[in-house]
Amino acid sequence: MTDLKLTKGNIALAEGALQAGCRYYFGYPITPQNDIPEYLARQLPKLGGTFIPAESEIASINMVMGAAAAGKRAMTSSSGPGISLMQEALSYMAGSDTPCVVVNIMRCGPGLGGISPTQGDYSQAVHGGGHGDYHNIVLAPASVQEMFDLTIKAFELADKYRNPAMVIADAMIGQFQEPCRLTPKEPVVLPEKPWALTGRKGRTPQLIKSLYLGDGEQEAHNMLLVRKYREIQDNEVMCEEWHLDDAEVMIIAFGTPSRVAKTAIIQARAQGIKVGLLRPLTVFPFPSKQVYEHSSRIPNVLVVEMNTGQMLRDVQIAAHKDARIHFYGRPGGGFPYPEDVLRELKKAMEGAYERSL
Amino acid sequence: MNAVFKRPESLNPALTHFCPGCTHGIAHRLIAEAMDELGIVDRTVGIPGVGCCVFLYTYFPIDVLESPHGRAPACATGMKRAQPDKIIFCYQGDGDMAAIGTSEIIHAANRGENVTVFFINNSVYGMTGGQMAPTTLLGQQTTTSPYGREFKNEGYPIRMAEMLATLEGVAYSTRVSLHSPKHVNQAKKAIIKAFEMQINEMGFSVVEMLSTCNTNWRVSPLEALNVIEREMIPYYPLGVFKERTGKDFL
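If you read the protein sequences in the order shown, they are chains U and V. Residue numbering for the first sequence follows our numbering, beginning at 3 and increasing consecutively. Residue numbering for the second sequence follows our numbering, beginning at 24 and increasing consecutively.
Chain V on its own, in the form it takes in the complex (with noise of 0.2 Å):
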């Protein structure tokens, strides 16, 4: 009997920290598809960023390198430097990447690192509580935004893969969501292109997902996957913003 669905074996066999209903277990399983296909998890270390994401080498057998809150792309940087075959991957939340992390993002991809970024936007900062994050929707009710946000006091929310895709040094920017079957797939091919830029050489490349935090959002995970789509889509537009075809640096 043949299998046709099972654990990748970039992925280890361990019980979720994750909230049921979160999507972080998602973008794991295509990211350890990802590695299993291209035959990379030997080679490959991963850099996460503080929050949910920190307990990456629970999940994954590859090597891993916790960095402080927001500077995965400098670790990542500085990594990839010394060992220019090795696969780095950061894995970023958007308290982490899109508050405290600009500098560090926009530089990393701005000099073209070879290194690749996996960005989750679940909209708050989810570990520490659901509190407001730079890309919290407007009218979006946090914790620090109990009113809803509102611009005239917190801005409008960040657009992360648009903004990145308007550095020269990005080779791969993209936006996918993880709360469908037909979104997942989509997610999936994105992650396997991003890591394939960085194969290739072409430069810097990032993935933005859009995920779930249900239990912050105080909704059921179902109702999570329908915020997506009604509330985040529309912000938040899904597509290829970026995509270098041959090696056309300036």
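So that you can see chain U by itself, here it is in the shape it has in the complex (with noise of 0.2 Å):
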């Protein structure tokens, strides 16, 4: 096909940026995800956009911040330990309804780590990251493709419920090349965004806060977020199903492992054990009642990830309480191999219900 072009995985995601309308990029430099800003460096500028590269993560993100109180589309990018630094402005997003898109290319920490595949933050994307009750709607490619798809969708996302969106890849999806068709499955439409801070002319002024000290005020609009969660967990699960037909064995994984573990799931039906795939592409929300309603029917699960079982957790919390969850994880700078998973498969299926390392 004529419109596929071998594209890298860091690049599709920031060309999904532009496609979607971004035109506000603050960032700074930390491997692997460095092809991101120095892609936007290019681009922005041919597009009368803004391009700053800001002189921490935490001014990144709150020069998002400031941008995105303006209507725009904004967008910043890092990787784990930038990514922490950016939590107090998330937090603070979040609680005042202010939509924005970050990109987390995983490195494998904890601390500076090393700059291979992980999904170590996996936690702290999906459970808060900074202070307070919030969430973050996380969505988790496995594929350049999807980079790009699931970027715009980010946006859309963020927008539709004012709230941040992530995006979290692992160094490997980032980093590799594959075939990409970069042009939207729908056209884009930017939303009206009358909440804006954008002067009080025409109109009485505007706000955007999250200090709520008057008298019952703050449960008032943490119960209004809570609301917005449920929204978004009742309407915006995405997730693949794999195989799970006739499956006798699940697996549950996202990212990267999804990938290896499709590869294992190809090698054991060809053994004749009937595996099959649940992959959640948004991990918040998290696929929770497709978990329950496979694992009612196939009770033998097997989850694989690049940590030491962040994802297990809220597999084990959505699963069938008869389900039988094995855990095979990698805790960075490792991958799981497919006949590391088929390996585990056979576990499972014996029996042997614990945590693998």
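No lab work stands behind these hints, which were simulated from the structure alone. Being a predicted model, the structure only gives us computed values, none of them experimental. For each residue, glycine too, the CB sits at the ideal point set by N, CA and C. Any given hint might turn out to be false.
[To be verified] Where chain U lies over chain V, by a calculated footprint (3+ residues, C-beta under 8 Å):
(1) 66-75
(2) 86-97
[What the hints assert, rightly or not] Computed from the model, here is a short list of chain V residues facing chain U with C-beta under 8 Å:
(3) Tyr80
(4) Thr81
(5) Gly101
(6) Glu224
Take the two lone chains and join them into the complex the hints point to.
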């Protein structure tokens, strides 16, 4: 097909941001995501956009907040250590209903760690990360095409719910190349933002704030946030179900491990082992209903992650009570290989329901 | 009969939360008068830091973005880049700008962001109860420098207006005081000048205002004005440290 182009994951993501109408990017260098700011530094001026190499990740995300509060689509990207620095402003934006897109091309940690792929920032992304009770919308691409598609989706969801959206991909998906179609599935429509801070002319003054000191105000505001998160959970779950119809074992994995799992599933089926895959594309909202329904029918579950079991906890909460959940994780710095997954599949089927690291 | 003195239209008729004797209220009034005179209130967005200044929206009938502690200049950067035709100002205290937000203020100033920053220097963290700030004077007792600030332990007070004036991106940097009618009038001229710098797209402008915190200084409102005159001005001299007269960018 002529419209497929060999593209690197990070570049597909950056192009997705541009095609989503993002014209404001602020960022600070960190490996393995530097292709994103470097690409946008070249492209944004041609489109009348703004690129600022910020003095820190803290400044980057606060610049995003300023542009987003003005009603524009704005983005920053980083990797673990930089994302940690952004948590303060992410909490403020969640608390003040300010949409933005933040990209985390995850590198292994904790601390400075290394630059090899990991999924160690799952909990930080999905369960808050900053202070207070809040959620980001979190999308987890597993291919270069999804780096493009889900970045556009992230902007749509961020604006629809006035909430920060994160794209979390591991360094592998950011760095490798695949054929990719760099046009949106549907035309991108920029929404009206009547709440934006554009000066009061013709209307009453508007505020974007998260401070509520009046009696009962903070709880009332937090309940509004809770209702928003429930709405997101009800309406926005995306997951891939692969060979689950006749499966006797279900693998649950996202990102790179889901691709490794697919290879393992092909090999397993060649050996007569019926395995399927449930792959979350959104990890918040988490596909809890899907996990419950499939695990009530396929009680043998294998969770594969490139961490020590962060999504595992969400699976355990969601799964049917009779499900037997086996975990295989690599804690960053190493990969799960298809033969590893195959081995763990067999353990899962034998009833060795434990964590295998 | 002509009204010779009235509430500025750019100031809400709100009861103030500031302590009696605090000069934040004077600073607010001067900014409102400046917005009136320049006719910019319809297109102005205010960005306060945290602390006593956070309730900006209570007093000004303008759009307001609440920013995290110290980060107002970064928020202002994104806000102004997204809408260069709007007037964007930050309103920061000394615990905000001279401590946690030094990185953000220095780099916004150095980029020559076309925004205006009003900097309230009252030498302490006010809202949190009078802890030592980077601007606390040597020998000054605070709740966290109970024996008086001593340079060997806590270093020297930071002169922000002078420091920012050294940066090429800065169009206007001045220090004024709010302790007497004469100084208040001078402060108003500085505020108008700072806004004009932004209106004329000259670059970054900052007005440091020496202010009282009589509650945390543990002195009467009247004595607090004397403290500014007697103790603050000798260390924090008033004056214009940088003023760009034309578009004389490097």
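Outcome of the hint check:
no., hint, in the structure
1, 66-75, "holds (count 4)"
2, 86-97, "holds (count 8)"
3, Tyr80, "holds, 5 Å"
4, Thr81, "violated, 10 Å"
5, Gly101, "holds, 3 Å"
6, Glu224, "violated, 16 Å"
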